[in-house]
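J.: So you can see what is in the structure, the chains are spelled out below.
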Amino acid sequence: AQKVTQAQTEISVVEKEDVTLDCVYETRDTTYYLFWYKQPPSGELVFLIRRNSFDEQNEISGRYSWNFQKSTSSFNFTITASQVVDSAVYFCALSEYNFGNEKLTFGTGTRLTIIP
Amino acid sequence: GAGVSQSPRYKVAKRGQDVALRCDPISGHVSLFWYQQALGQGPEFLTYFQNEAQLDKSGLPSDRFFAERPEGSVSTLKIQRTQQEDSAVYLCASTDMGGLGTQYFGPGTRLLVL
Chain A
2 AQKVTQAQTE
12 ISVVEKEDVT
22 LDCVYETRDT
32 TYYLFWYKQP
42 PSGELVFLIR
52 RNSFDEQNEI
62 SGRYSWNFQK
72 STSSFNFTIT
82 ASQVVDSAVY
92 FCALSEYNFG
102 NEKLTFGTGT
112 RLTIIP
Chain G
605 GAGVSQSPRY
615 KVAKRGQDVA
625 LRCDPISGHV
635 SLFWYQQALG
645 QGPEFLTYFQ
655 NEAQLDKSGL
665 PSDRFFAERP
675 EGSVSTLKIQ
685 RTQQEDSAVY
695 LCASTDMGGL
705 GTQYFGPGTR
715 LLVL
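Residue numbers (our numbering), protein chains in the order written: chain A, 2 to 117; chain G, 605 to 718.
Since the hints were derived computationally from the structure, they do not count as laboratory data.
No experiment lies behind these values; they were computed from the predicted model shown.
Please note that the accuracy of each hint is not assured.
Claimed, not checked - Straight-line alpha carbon distances no greater than 25 Å define the calculated BS3-like cross-link-like pairs of lysine-lysine that follow:
1) 4(A) <-> 661(G)
2) 661(G) <-> 615(G)
3) 682(G) <-> 661(G)
4) 17(A) <-> 39(A)
5) 71(A) <-> 39(A)
6) 615(G) <-> 39(A)
All chains, full assembly: derive it from the sequences and hints.
T.: As structure tokens, this is what we get:
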């Protein structure tokens, strides 16, 4: 069975600080996908990134970066120079290749508060 | 283009009432997923459609939950004889690659059962 653990329930940082959100996953499959979603107070899940298990390259998108390490089954997310608009709940998710039924298994989320 | 839409956004039901939640996926998206998100938790999978076929309903918590997508576009999640434990946000997501693509989510329907 697949599982995603986000051990950090809540994080608060002062604006402009860097912050890293941790994600550890468990799966028996060799082909799988990892995701991060942002859920602002409005409630809609906003897609941030998708990574497949064969691509361990780290990725940077503006102030966001992701570190994928298969050796430790981790897919951590860093926000550089945080802004108040980054305040939200962030979810890490995993799906296993299943012939189209790539249902997502989510972690419990990390609530990030950026203090102005 | 338009994203996934859901209606109603909020629903209050008395215990025992039936409710119907609607999802309009992104136009042309083949696959559609329903998730349930309890307060303070991550979303949990309920069911999956590819076009009009319901290929996986393993996440439906009881036989009071029923989903359909008769024409392969709009989907309806129905909950019969609602219970207080059904209170949650119900999220719909769609993808364009038979489920292999990224899932894009709607705003959800917040259901409160009194």
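J.: Run every hint past the structure and note whether it holds.
T.: Each hint tested on the structure:
1. 4(A) <-> 661(G): Within the cut-off at roughly 19 Å; holds.
2. 661(G) <-> 615(G): Holds. Residue 661(G) to residue 615(G) sits at ~23 Å (cutoff 25 Å).
3. 682(G) <-> 661(G): Measuring from Cα to Cα gives roughly 13 Å; hence the hint holds.
4. 17(A) <-> 39(A): holds, 19 Å
5. 71(A) <-> 39(A): Answer holds: residue 71(A) to residue 39(A) is near 23 Å, not above 25 Å.
6. 615(G) <-> 39(A): holds, 24 Å
Consistency note: the structure conflicts with none of the earlier hints.
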